[in-house]
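With the hints as constraints, model all of the structure from the sequences given.
Chains as they are written, first to last, in the numbering used here: chain X, 4 to 265; chain H, 14 to 324.
Think of the hints as simulated: they come from the structure by calculation, not from any bench.
As the structure is a prediction and not an experimental result, all values here were calculated from the model.
Heads up, simulated DSSO-like pairs for lysine-lysine below, C-alpha to C-alpha not over 30 Å straight-line:
{"id": "1", "chain 1": "X", "residue 1": "K221", "chain 2": "H", "residue 2": "K242"}
{"id": "2", "chain 1": "X", "residue 1": "K79", "chain 2": "X", "residue 2": "K163"}
{"id": "3", "chain 1": "X", "residue 1": "K57", "chain 2": "X", "residue 2": "K79"}
{"id": "4", "chain 1": "X", "residue 1": "K221", "chain 2": "X", "residue 2": "K163"}
{"id": "5", "chain 1": "X", "residue 1": "K106", "chain 2": "X", "residue 2": "K221"}
{"id": "6", "chain 1": "X", "residue 1": "K163", "chain 2": "X", "residue 2": "K106"}
{"id": "7", "chain 1": "X", "residue 1": "K131", "chain 2": "X", "residue 2": "K221"}
{"id": "8", "chain 1": "H", "residue 1": "K213", "chain 2": "X", "residue 2": "K163"}
{"id": "9", "chain 1": "H", "residue 1": "K242", "chain 2": "X", "residue 2": "K57"}
{"id": "10", "chain 1": "H", "residue 1": "K242", "chain 2": "X", "residue 2": "K173"}
{"id": "11", "chain 1": "X", "residue 1": "K221", "chain 2": "X", "residue 2": "K12"}
{"id": "12", "chain 1": "X", "residue 1": "K106", "chain 2": "X", "residue 2": "K79"}
{"id": "13", "chain 1": "X", "residue 1": "K163", "chain 2": "X", "residue 2": "K57"}
{"id": "14", "chain 1": "H", "residue 1": "K188", "chain 2": "X", "residue 2": "K221"}
{"id": "15", "chain 1": "X", "residue 1": "K88", "chain 2": "X", "residue 2": "K57"}
{"id": "16", "chain 1": "H", "residue 1": "K213", "chain 2": "X", "residue 2": "K221"}
{"id": "17", "chain 1": "H", "residue 1": "K242", "chain 2": "X", "residue 2": "K163"}
{"id": "18", "chain 1": "H", "residue 1": "K166", "chain 2": "H", "residue 2": "K188"}
{"id": "19", "chain 1": "H", "residue 1": "K213", "chain 2": "H", "residue 2": "K188"}
{"id": "20", "chain 1": "X", "residue 1": "K131", "chain 2": "H", "residue 2": "K242"}
{"id": "21", "chain 1": "H", "residue 1": "K166", "chain 2": "H", "residue 2": "K213"}
What follows is each chain in one-letter form.
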Amino acid sequence: MANTIRRLKMRIHSIDVNAPEAEAKRALIEDIRRYIEVQIIAADRLLVDCAVQKVTDGDVILTFAYSHIVANVLTKAAALGRTFKVMVVDCRPELEGQRMLEKLQASGIACSYIHLNALSFVVRDVTKVFLGAAAIMSNGTVMGRAGNAAVAMTAHAHSKPVLVCCESFKFHERVQLDSITHNELGDPDALVSLPGYPGVSPLAGWQDIPRLGLLNLKYDAMPAEYVTMIVTEYGMIPPTSVPVILREQQQDASASGGGGGM
Amino acid sequence: MAEAVKEKPSSFAEVVENCCAQLRRRQIQGSLPCAKRTAEIMRALLTMQRHPDAASLIDDVRAVGYKLQAAKPVELAVGNIVRRVLHLIREEAQTEKSDSEADSNDAVPQGKADGKQDVMKSQGVEHLHANEVILTLGMSDTTYAFLREAARKREFQVVVAEGAPRYDGHLQARKLADAGIQVTAIPDSAVFAMMARANKVLVGAHAVLANGGAIAPAGIHMVALAAHKHSTPLVVLVGLHKLSPQFPHDPDLLYNDFRGPAEVADCDMQAQGLPQQMAYAAAHSGVGGGSSEEPSNSGTEARAQGASHPH
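This is how it looks when you write it as structure tokens:
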């Protein structure tokens with residue numbers, strides 16, 4: 004998101020001061036629309052076409068929580084007639100995997116649903132792992148939903164290939180060493196509510212207990228060594244090639260002077 | 014010993030059969046209750062039947078031990094206690110060449126419980142220093158006692174992962190906070206993120222195997238891998254009755270137990286997948302096809318790569 008905001012600011016700066024306001028606004032809106040069209044929608048289409056080549060008949064594909072791009076890849080592969088099974092790994096407290104499960108079932112894909120803790124038991128039967136990302140740092144570290152790193156780590160320990168599907172607008176030149184330096188906090192009360200669990204959690208009323216704190220981290224950082232391949236709209240790249248893409252993007256941005264297509 | 018005489022029906026075989034039935038029905042939960050019950054059965058065997066020499070006693074103990082262990086193969090504590098009793102009998106037989114007595118057996122059940130407490134009291138303070146962050150998963154009485162004792166002399170923080178779908182981490186966090194320790198409760202997905210911050214990982218286990226691996230509630234493998242990645246020491250706290258000489262080739266399959274899928278996917282979710290499940294089964298019938306939605310709540314106990322695994 005920081006990338007997009009920065010480009011929008013650059014574009015605003017580059018607007019001619021003397022241009023009338025309505026025209027400037029129109030040009031800006033046109034640029035935003037083009038950005039969405041090029042960087043997001045078209046990129047997604049190219050990415051899905053690229054990633055779908057990696058889904059072969061007889062695969063057992065593991066995926067974690069909800070990623071719209073991975074869902075698109077799998078539904079496209081099913082539409083192309085590939086036969087494969089999907090294992091959806093879910094975790095608390097968001098339980099986004101249920102959304103992924105619904106979408107995949109609607110496309111008629113055979114699915115299994117497990118909780119993150121059962122992963123080490125089922126990973127032996129998995130052939131490939133498809134993950135989404137929130138951002139990719141310039142050293143190849145993948146920021147994703149909390150739990151992403153654990154899935155990649157377990158898959159790596161069992162020698163399963165991990166493919167991260169991520170559009171290039173999510174690449175960032177920052178380097179992050181661990182998950183805690185930059186992160187987002189979710190609602191801590193989400194940990195306390197246990198739907199379907201008989202009884203009340205012992206954590207209820209945690210605000211009144213001085214020594215008890217709840218932490219709901221949203222994201223975590225997956226080291227580059229766990230990632231086999233990153234699929235972008237430019238094709239499939241190793242995690243070490245992320246700075247190359249970033250450099251090319253910066254060159255494009257400076258060459259066009261921030262105007263005419265963000 | 015008196016209550017064992019009162020509550021038993023006519024024969025020793027019935028006592029064993031009752032215990033086996035309770036184990037099979039999972040009415041005895043946890044390795045310590047199972048260990049205590051096995052020790053009581055062994056004591057009943059010695060008191061209720063006369064044995065002319067050590068060899069026949071060993072045969073009887075072994076026969077009963079096989080029956081008990083077969084009732085619940087996942088519960089390794091049963092076999093461990095039987096092996097201890099056999100060891101004690103052989104020791105006694107060596108020192109006294111005449112009939113072996115029941116006095117050796119009395120030490121067994123008491124020794125287990127007391128031995129554990131002393132270990133906790135002495136070693137807690139040695140291994141933890143001030144301002145450390147300890148990570149733990151789920152609920153373990155051993156870990157709770159260890160940390161509570163150490164907290165009397167040291168100031169440290171504990172991060173507890175909740176251990177879904179059992180959520181016993183919530184209870185552990187609450188108990189530790191009530192004991193005056195600074196606690197942070199996190200979901201399991203945050204374990205990798207918090208491992209960067211943790212100085213040590215302390216967990217309990219269901220059993221420890223001969224190759225150093227540990228069987229513990231699901232999620233422990235991920236914690237162990239994350240600890241290995243961050244070079245954080247992983248310490249497994251167990252009572253002696255959990256140390257098993259078994260050397261399995263695949264403990265994930267052999268020593269695993271399954272629970273109902275409703276804890277992971279509630280009935281609405283399962284119902285959603287039902288029509289597709291039936292269609293899939295119909296289409297793939299005869300090929301041994303699986304169902305299209307299997308909410309598998311597998312691996313209640315999952316093997317961890319223990320501290321001694323050669324990574």
